[in-house]
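For the record, the sequence lines run as chains E and C. So in the UniProt record's numbering, spot 34 of the first sequence is number 34, and the numbers just go up one at a time. So in the UniProt record's numbering, spot 114 of the second sequence is number 114, and the numbers just go up one at a time.
Check the hints yourself; a few may be wrong.
[Claimed, not checked] Footprint (simulated), chain C over chain E, 3 or more residues, beta carbon under 8 Å:
1. 56–69
2. 97–106
3. 156–164
[Claimed, not checked] Here are the simulated SDA-like pairs of lysine to any residue, each with C-alpha atoms no more than 25 Å apart in a straight line:
4. 561/C - 581/C
5. 326/C - 156/E
6. 180/C - 154/C
7. 71/E - 433/C
8. 326/C - 581/C
9. 71/E - 98/C
10. 326/C - 75/E
11. 148/C - 71/E
Think of the hints as simulated: they come from the structure by calculation, not from any bench. Ideal placement from N, C-alpha and C gives every residue a C-beta, glycine not left out.
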Amino acid sequence: MPDPTDNSFRAATIAVLVENESGVLARVIGLFSGRGYNIDSLTVAPVDAEGKLSRITVVTSGTEMVIEQIKAQLDRLVPVHKVADLTLEGPHLNRELALIKVAGSGSARQEALRLADAFRARVVDATTESFVFEMTGSGEKLDAFINLMRPIGLVEVSRTGVVSIARGTKAL
Amino acid sequence: MSSATLPAASETQSMTGAEIVLRALKEQGVEVIFGYPGGAVLPIYDAIFNQNAIRHILVRHEQAAVHAAEGYARSTGKVGCVLVTSGPGATNAVTGLVDALLDSIPIVCLTGQVPTHLIGNDAFQEADTTGITRPATKHNYLVKQMDKLASTVHEAFYVARSGRPGPVVIDLPKDILIGKGQYTPPPSQEHRSYRPQTEPDAVQIRKAVRLLKEAKRPVVYAGGGVINAGPEASALLTKFVRMAGLPCTNTLMGLGAYPSSDPQFLGMLGMHGTVEANLAMHGCDVMFNIGARFDDRVTGRLNAFAPNSVKIHADIDPSSINKNVKVEVPIVGDAAAVLRALIAAWDADEAKQDRPSLAEWWRQIDEWRGKNCLAYVQDSKIIKPQHAVKRLYELTKESGRETFITTEVGQHQMWAAQYFGFEKPNRWMTSGGLGTMGYGLPAAMGVQVAHPDALVIDIAGEASILMNIQEMSTVAQYRLPVKVFILNNQYMGMVRQWQELLHGGRYSESYSEALPDFVKLAESFHGVGMRAESTDDLDRVIREMIAIDRPVIVDVAVDEKENVFPMIPSGAAHNEMLLAPGQIAAGAGVTDEGTALV
């Protein structure tokens with residue numbers, strides 16, 4: 001168990017299983033803004049069409065007491081089925097997808113391709129003056145690649161935000 | 001669906017959405033709706049016109065409809081029901097909804113909405129009601145499909161009354177109300193996602209019992225959660241506190257959960273609580289909080305709150321635990337269930353109480369009591385507001401009538417809490433969390449509708465009462481013999497008190513200029529008006545008021561300079577109370593940080 005008297009900040013990746021109904025995302029976001037909690041990243045998508053469930057992944061940060069509060073507040077929303085603090089519960093995977101547009105010609109172009117290869121980014125669109133790379137990984141890895149592309153000719157970035165799942169057999 | 005399972009044609013085809021709504025309300029036990037008509041809800045008013053099972057009380061402002069439903073709910077333990085139209089009807093109700101949210105009062109509020117095909121078009125009297133009320137309610141719904149209508153109403157009542165109760169809005173587009181559909185009864189299976197825990201964890205209960213048994217300086221701090229858990233919870237609290245010989249204090253919301261006349265009762269705690277309650281909180285070694293939420297009005301400065309105590313916190317809402325104050329023993333559960341388990345575990349636990357320490361603790365508490373912190377000096381003919389409430393309490397008690405008290409918000413509210421004693425739960429209705437001026441008169445209406453033969457008194461201030469004074473018309477229409485007891489000091493008294501203590505006596509905009517003649521005002525609304533100018537008038541006027549079976553406004557001219565004491569200024573600790581002038585002040589005064597607080 002975490003120490004509730006610890007006042008240092010920590011990051012938390014929180015998975016929330018919710019009823020797939022209109023307004024549910026607004027409830028979650030309104031809760032965070034209304035109570036002054038941080039949202040570093042938020043993703044949502046239906047995960048179970050038959051069961052009408054969506055999964056929200058929120059990356060947030062705060063003191064232990066605040067993170068406990070965030071979980072308790074989320075849990076009491078009527079359409080919320082489950083709340084899990086993946087950071088606390090053990091090993092888990094965090095992944096994010098980015099589409100990264102880089103423009104340039106000549107050696108810059110070759111350099112972009114070389115780096116993309118090193119980072120295992122895929123080329124999903126190409127013109128004679130540009131590439132769109134698709135890349136999946138941790139946020140840090142994406143940040144590193146995007147920073148490398150900046151001087152080469154970074155044009156635009158689109159990112160999904162973090163999705164997360166626990167390692168092993170355990171489910172939410 | 002196969003044809004064999006289809007209900008008879010008359011069942012499926014004959015009901016409009018509005019009729020479905022009314023049938024669902026009836027099945028949910030609704031007897032009274034407080035409402036105000038308008039274009040979008042006319043189909044429901046048509047359905048109301050055609051039946052006799054549910055009574056409709058026509059208020060004069062939608063905010064008052066919600067407060068009336070709150071008064072009804074708090075005095076009966078049932079869910080209060082509200083019906084308002086779209087747009088301004090819904091936005092006017094918002095204050096009431098937030099009030100019910102902060103005080104955990106079960107309300108279902110039906111709001112009209114423009115037809116589904118017009119939603120989002122800025123249609124006449126359109127407002128994004130679910131958007132506006134999302135943070136103002138426990139939950140809300142917009143019904144867009146006919147086949148969800150009945151089940152949504154049933155679910156709304158379940159959500160409103162389950163777990164920590166609260167207000168729920170159902171937004172009803174007009175085409176849904178006019179359309180034809182099928183009624184469905186309440187579901188037999190559990191809710192898909194919302195299933196609050198009511199039974200406490202046995203291990204935590206045993207821990208709590210052991211801590212309380214071994215405590216040298218224990219205190220019980222009980223709040224509105226005990227009231228919300230039903231009268232049984234209050235009876236169990238009383239039983240537990242008495243069997244364990246513990247001192248007990250109530251929050252503003254919890255008054256009546258423990259009998260005020262009991263020798264183990266320390267009075268209310270918090271900003272305007274008693275010395276004995278606040279110092280017992282400050283000095284305790286084990287605190288048992290049941291159904292209270294460590295509100296800032298109770299804790300004062302957090303880092304100085306009950307500094308040497310181990311805290312047990314029982315609450316039905318897990319998010320209330322460890323929110324403001326870190327506790328050692330959290331217990332999630334319904335207050336009645338927690339107390340039942342606690343009593344059983346107390347008997348089963350073999351540890352002995354530390355009787356000598358407890359006796360010493362009571363000796364200390366009695367010494368604090370000896371300060372007589374609620375003493376006031378009634379030394380002239382000018383009525384002290386405290387004296388007015390005290391006489392009101394004594395004379396209503398003398399009358400033997402079942403008495404319910406509501407209040408507005410401000411000094412009079414605190415004096416009512418301090419000087420009116422409550423022996424039972426559900427007799428005291430006040431806006432605690434939101435602090436809504438204008439709450440008392442409509443709330444009293446709701447109480448009187450639920451208890452037609454009882455004595456229902458709104459203890460008011462002359463400023464607050466004007467915020468919903470139009471409800472005198474409702475009171476007259478339904479012949480509700482509500483009594484309004486105004487402590488008239490010609491100031492927004494609490495504002496003036498803060499200006500005096502915190503803002504150098506600059507009484508900016510707090511004088512009640514151009515007040516109405518409340519006697520004539522009462523008469524113009526078909527009621528009885530009376531005025532008490534001096535102590536000579538007071539008892540007579542109160543007695544007359546109690547005897548009259550009609551709406552009465554009593555205008556009591558009170559000392560305009562009187563302040564509410566004791567007072568823990570914002571940002572101060574429980575042991576830094578300001579006492580009334582003439583008493584020895586334990587106060588450290590107001591800090592700069594405190595001035596920034598509310």
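Cross-check of the supplied hints:
Taking a C-beta to C-beta cut-off of 8 Å, the stretch 56–69 of chain E contributes 3 residues in contact with chain C, enough for the three needed, and the coverage statement holds. Residue count for the stretch 97–106 of chain E with a Cβ under 8 Å from a Cβ of chain C: 0. That is fewer than the three needed, and the coverage hint is violated. Coverage of the stretch 156–164 of chain E by chain C is violated in this model, with 0 residues showing a Cβ closer than 8 Å to a Cβ of that chain against a need of three. At most 25 Å may separate the alpha-carbon atoms for a hinted pair to count; residue 561/C and residue 581/C meet this at roughly 12 Å.
With a C-alpha separation of about 46 Å, the suggested pair residue 326/C and residue 156/E falls outside the 25 Å cut-off, and the hint is violated. Note on residue 180/C and residue 154/C: the hinted pairing holds, with a Cα-Cα distance of about 18 Å set against a maximum of 25 Å. For the suggested pair residue 71/E and residue 433/C, the alpha carbons sit about 23 Å apart, so the restraint of at most 25 Å is met. Between residue 326/C and residue 581/C the alpha-carbon distance is near 35 Å, which puts this suggested pair outside the 25 Å criterion.
Simply put, residue 71/E and residue 98/C have alpha-carbon atoms about 22 Å apart, close enough for the 25 Å limit, and the pair holds. With a CA separation close to 19 Å, the supplied pair residue 326/C and residue 75/E stays within the 25 Å bound. Between residue 148/C and residue 71/E, the direct Cα distance comes to roughly 30 Å. Violation of the 25 Å bound is thereby established for this hinted pair.
The structure shown violates the earlier hints numbered 2, 3, 5, 8, 11.
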